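Protein chains: 6
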Amino acid sequence: MRTNKLREIWTAGETAVNGWLHIPSSWSAEVMAHVGYDSVTIDLQHGLAGYQAAITMLQAIATTDAVPLARSTWNDPAQIMRLLDAGAYGIICPMINTQAEAEAFVGACRYPPLGFRSLGPTRASVYAGADYAQHANDTIVTLAMVETQQALDNLVDILSTPGLDGVFVGPGDLGFSLTGQTGMNMHDPMLGAALSQIAEVTQGQNRIAGIWVPTVESGQKMRQLGYQLITLSSDTRLLSAAARDSVIQFRM
Amino acid sequence: MRTNKLREIWTAGETAVNGWLHIPSSWSAEVMAHVGYDSVTIDLQHGLAGYQAAITMLQAIATTDAVPLARSTWNDPAQIMRLLDAGAYGIICPMINTQAEAEAFVGACRYPPLGFRSLGPTRASVYAGADYAQHANDTIVTLAMVETQQALDNLVDILSTPGLDGVFVGPGDLGFSLTGQTGMNMHDPMLGAALSQIAEVTQGQNRIAGIWVPTVESGQKMRQLGYQLITLSSDTRLLSAAARDSVIQFRM
Amino acid sequence: MRTNKLREIWTAGETAVNGWLHIPSSWSAEVMAHVGYDSVTIDLQHGLAGYQAAITMLQAIATTDAVPLARSTWNDPAQIMRLLDAGAYGIICPMINTQAEAEAFVGACRYPPLGFRSLGPTRASVYAGADYAQHANDTIVTLAMVETQQALDNLVDILSTPGLDGVFVGPGDLGFSLTGQTGMNMHDPMLGAALSQIAEVTQGQNRIAGIWVPTVESGQKMRQLGYQLITLSSDTRLLSAAARDSVIQFRM
Amino acid sequence: MRTNKLREIWTAGETAVNGWLHIPSSWSAEVMAHVGYDSVTIDLQHGLAGYQAAITMLQAIATTDAVPLARSTWNDPAQIMRLLDAGAYGIICPMINTQAEAEAFVGACRYPPLGFRSLGPTRASVYAGADYAQHANDTIVTLAMVETQQALDNLVDILSTPGLDGVFVGPGDLGFSLTGQTGMNMHDPMLGAALSQIAEVTQGQNRIAGIWVPTVESGQKMRQLGYQLITLSSDTRLLSAAARDSVIQFRM
Amino acid sequence: MRTNKLREIWTAGETAVNGWLHIPSSWSAEVMAHVGYDSVTIDLQHGLAGYQAAITMLQAIATTDAVPLARSTWNDPAQIMRLLDAGAYGIICPMINTQAEAEAFVGACRYPPLGFRSLGPTRASVYAGADYAQHANDTIVTLAMVETQQALDNLVDILSTPGLDGVFVGPGDLGFSLTGQTGMNMHDPMLGAALSQIAEVTQGQNRIAGIWVPTVESGQKMRQLGYQLITLSSDTRLLSAAARDSVIQFRM
Amino acid sequence: MRTNKLREIWTAGETAVNGWLHIPSSWSAEVMAHVGYDSVTIDLQHGLAGYQAAITMLQAIATTDAVPLARSTWNDPAQIMRLLDAGAYGIICPMINTQAEAEAFVGACRYPPLGFRSLGPTRASVYAGADYAQHANDTIVTLAMVETQQALDNLVDILSTPGLDGVFVGPGDLGFSLTGQTGMNMHDPMLGAALSQIAEVTQGQNRIAGIWVPTVESGQKMRQLGYQLITLSSDTRLLSAAARDSVIQFRM
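Chains as they are written, first to last, in the numbering used here: chain A, 1 to 252; chain P, 1 to 252; chain X, 1 to 252; chain U, 1 to 252; chain G, 1 to 252; chain D, 1 to 252.
Note that these hints are calculated values from the structure, not bench results.
A few of these clues could be false.
No copy labels: a pair is met if it fits in one copy or bridges any two.
To be verified - Cut-off 25 Å, straight-line C-alpha distance, at most; resulting in silico cross-link-like pairs (DMTMM-like, lysine to aspartate or glutamate):
| hint | residue 1 | residue 2 |
| --- | --- | --- |
| 1 | Lys221 | Glu103 |
| 2 | Lys5 | Asp65 |
| 3 | Lys5 | Asp245 |
| 4 | Lys5 | Asp153 |
| 5 | Lys221 | Asp188 |
| 6 | Lys221 | Asp138 |
| 7 | Lys5 | Glu200 |
| 8 | Lys221 | Asp131 |
| 9 | Lys5 | Asp188 |
All values reported here derive from a predicted model rather than from experimental measurement.
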């Protein structure tokens, strides 16, 4: 089975850089997969791609050695299994607030006896190799999103879920939960304290902490805190900002 | 009929800024249409969108007041008419090298007696208004691409084509034709001389010169030369560069 | 943030007319959005559009000032959040039979602390404005479908759900539930009594009652009863009837 | 090979009623194919469907016994052959103004030695039967559009083209060509005279005259003149009118 | 209402042959529906088609008299209802392990009072007839998948669910559950014993047993055991094997 | 620039095996690209894929080292250039009957000064490398289809076209042209003589002869004749035959 490069990076104690796809197009996905990210994630929660577009995006990513990930829309086993069958090498699952939710999430990602994933890796066995089913449980990455005060409170329990590789922080929702402010502010002290706490607790349990950040600077700071999967902005934000900047500069 | 904002800008002696769409997605098109371009062009020649995607992109652009344009794949009357029927407010046509080719192009864009466009503006009359057919000939913009030595030689004749609003320069192909080099070099003296000549001749005939440029700096220089439709890079290039830069900076 | 025209209509004590989309096409959606409806609803439950088509339909509606609504397939928070992130300005949710179900529905539509909607209004903030997240809770419309005897029995409790704007009646399912007959009969006395009761109770709680009706006549009658969101037939029914009538008339 | 019901209708001296598809959706196509038309035409010229959508629409029509036709975007042999390979049982070709154009059109529709159609009826042989290639030349219908003064002048020559089944009138373009007015007026005397002349000449040569009309009344009048393929409005016009009428009536 | 040919086959004590669709294309679906299967199933669980593609595949199947079935992704009432509304004549539901799960599944497939299916058979009433709603409960086939030891243990209870037509075996998951081996081995004795038991118990309760098998030989053996819906491989497996064989043979 | 494996095979005097795609799906394309073909061709002429589907199919092929080719619908420079820009590494062009047609075909495939291809390899430079434009003329394969008596008569002239790599035989059309029979018969003596002649003449001019064949046996025979690009059947034919065979065998 094709190895999961993210595991190799993490085993080496390194930090992976992750791209984030909101545009439902196999072409923009292919472009993003070629710029040098270690992994590229199709965000089905807040992005614009549905299942069918996601398939073609997974194919586009597979023209490179970037690791294909997906964020599911929710803790929905049917969707998670479909994404894995389609070749996603990891799932980031939103709104995991309790250990029970984490167990349900992991169960959908793991074949028995570790979980209850159904057998039928149609595209995955083409992408990864005919021995996919034997090695999938050791290869697929599972990251539970921590984005509420409740999840913070349950962090140790969540991290102790067997088969869970780590957590992934959505600073927008987490900051909103902690501060009541919708404008994501990476410099907010309450959010900052939580981000430090998550990194520390997660490392203490030998799990992986990942995060989405709006800027390179925030990403570098999170790397220093110990986050090992840094998601830099998104295709939509990068495109929008670059285009707007060029128009503004031209008109100056 | 909805006015064509490009005509107003040009009548005022101003320069319009144009976005360039290669990603076949209505979402990236909507994002691009919202950043402040005066017009946005779906490039069917070197972009990845076919006809069906172009329809949804024209709809996405129509959520803003950016003027929707299309570059046709070729001097193909059937395609040009379909794009106009779908609501494109202007056509940029590749590889117009002679006056006869310019006349054929313009003929496809204009209703009789000025041309031979067939009547049936299905979406255009929804986008522009029920009186579309009466005013389309005065509203739709037609720009012939000048991208070879032959076109340069025939520039005056091309510009004298009745119903043609102006020319549009593809510096990649033009520089290739003039210098034999594929790497587009906006600083090449032969190309530079040609660009100046085109601007001068076009202005001398009271027509509009447009151009595609890779950078804001080139665009500002072209504005100084008198180009009045400046296309700044493309969605794919902007996205690719922004994403690659963020990865490189993060890893520094 | 762009206002929700439906709220203005209702505040003025007026009745809104709603279009209903079953054809999975951005073109038919654009046509429907241009004929004068106050709002247009993409019906994901009994219509033929899935998520990806719904995006392009929301974009098509956004070329007009008709308010874009969606009927979700079910009381599914993941789907509801995606539709809101994509710019729907209101959700009609099927089969709400208890207050607990109504609370779950409203929770998916509202940001904390009123609900548990996740933050990430990717297209919504382009459609509605950068301040979307601050004002969404006051702008998005939530309508719970009353379509069973059980829902009727729980109507007062359902209507008292904080954050719920009102109810929406599916007379097909409701009549089926009350009478056991599948052929929707707007003149059935049991259904008629229920429709009156719903209008009365809803108005008594200062909430909005909406309904789907097969004919203009039924719609006008419902308006008299106090319904303030009248959905007139559907694109498929209108098209099918108009086409069939023209064939029959021609052959007479 | 599956017979072409249109030929049977015409042989019996009857008139066929034709539906006209502008909405690029297999669902609206299926709805239209079920209302009772003898044939249904995918209009690729002024409609919104491209090739890929047309395939699914041809499949949807094939769930009924309505004859699937297509109007090509232009006199383009590559596209015409693809539509036939995909199972279209007849082609309506725009803007045939001379006999040479008619011969080119027919050549694309007929296998050698009558034409130059390439062999490879991939879907057609599934739709029509394994013996498709032997009988296609006798089954496929070819109709050349008469929509200019020039075509009128050349009508006899056009009709004498071997393998051409008849002509099809686009009253919008024809009226525009004759009167210079874009607003299609079926009561214009010049257009009326031309419509009579076309019917008479075509019948005199034992060919079929078809036409598009905006209303049932116009269609019945054209049937009296001898037109044997009457196209009644279009899906978009029928839908738009029915929806607009219902909104207006409701608000009265 | 159009009859369900599967019921006729089963009533006659015969065995039906079922095709299995993993390729998300209406063209491959149409090809498969034409080769002689009694029914054709769109597998939404392990196949690559999402909802929108499934619609066009259901239309393609409807060009033949093969019975259109769907395997849902999960025991998800919203999706099951949508597939039925789109014209599926039967649902195969994964991972039914208890009677309660079977009841929930059947409830989504049956109109009241037998279930809680919502009324709105938009495409189904076009495919099946205007009287669809009256007869759907007697026509639609419901098959619960037995693919775990737990389901085996609960088999009698599952089969006694009112409105359930039978069970469908996924030998991959079932063998995995019984033996812990991922490589599906139809000759495994434990699996073999279970397959015999399921057939026997199901027949004893006058219900239908269906199964997926990888080869014709396995299928014939299962027919002898009493299975009455035999699914032979899948489009993807058939295509892949045939193509690979031809390359290997050519190179020999 | 990524090398063209076909050139390496041919330089080594070997024969390449080519797959043929008629199903408009990136999934079936990916499956086909994984079974061991040296190259895989998207047939836009008689297959069901349009431009947009072809893009995703080219991406799917690019997950393997099979060489992506396309058969264009016709000798249409605009389409040919788009396919090359999208990453096709060779074009098979239908119905080349004269040297002039061959020159026009080659011109569309080659950058100046060898041809008139426009510069803008948007996806090609991602697939092949940033130096694509410098090496494309030496890398892209051009094969002109010989499928008529006229082409046979002009074979030497066609083969002498500068920049043309060889010819590709369509035995269906060629046999039809030679014998007047539509049922492709690879054992027909007239066709056999022509196939031998083409191989001999082409080898004599040091060019490549390719061909489509219905069976492995025919392919092996053609390899013996000297054909160096053997296309074995098509996805649709392979799938249809394998599925039909399994149903027939099961019912025996």
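With identical chains, the pair Lys5 and Asp188 could be close in the same copy or across copies; at 25 Å between alpha carbons, which is it: within, between, both, or neither? neither (33 Å within a copy, 36 Å between copies)
25 Å Cα threshold - placement of Asp138 relative to Lys221: The answer is neither: 30 Å in one copy and 36 Å across copies each exceed 25 Å.
Evaluate Lys5 and Glu200 at a C-alpha cut-off of 25 Å and name the case that applies: within, between, both or neither. within (24 Å within a copy, 48 Å between copies)
25 Å Cα cut-off: does Lys5 pair with Asp153 within a copy, between copies, both or neither? Neither. Shortest intra-copy (31 Å) and inter-copy (41 Å) distances fail the 25 Å Cα cut-off.
Which holds for Lys5 with Asp245 at a C-alpha limit of 25 Å: within a copy, between copies, both or neither? Answer is between: at 22 Å across copies they meet the 25 Å cutoff, but 35 Å inside does not.
State whether the alpha carbon distance between Lys221 and Glu103 is at most 25 Å within one copy, between copies, both, or neither. Result: close neither inside a copy nor across copies, 30 Å intra and 40 Å inter.
Is it within a copy, between copies, both, or neither that the alpha carbon of Lys221 lies no farther than 25 Å from that of Asp188? This pair counts as within: shortest intra-copy Cα distance 14 Å, inter-copy 43 Å.
Which holds for Lys221 with Asp131 at a C-alpha limit of 25 Å: within a copy, between copies, both or neither? Intra 39 Å, inter 27 Å, cutoff 25 Å: neither.
Are the CA atoms of Lys5 and Asp65 at most 25 Å apart within a copy, between copies, both, or neither? both (8 Å within a copy, 21 Å between copies)
When the structure is compared with the earlier hints, violations turn up for hints 1, 4, 6, 8, 9 and for no others.
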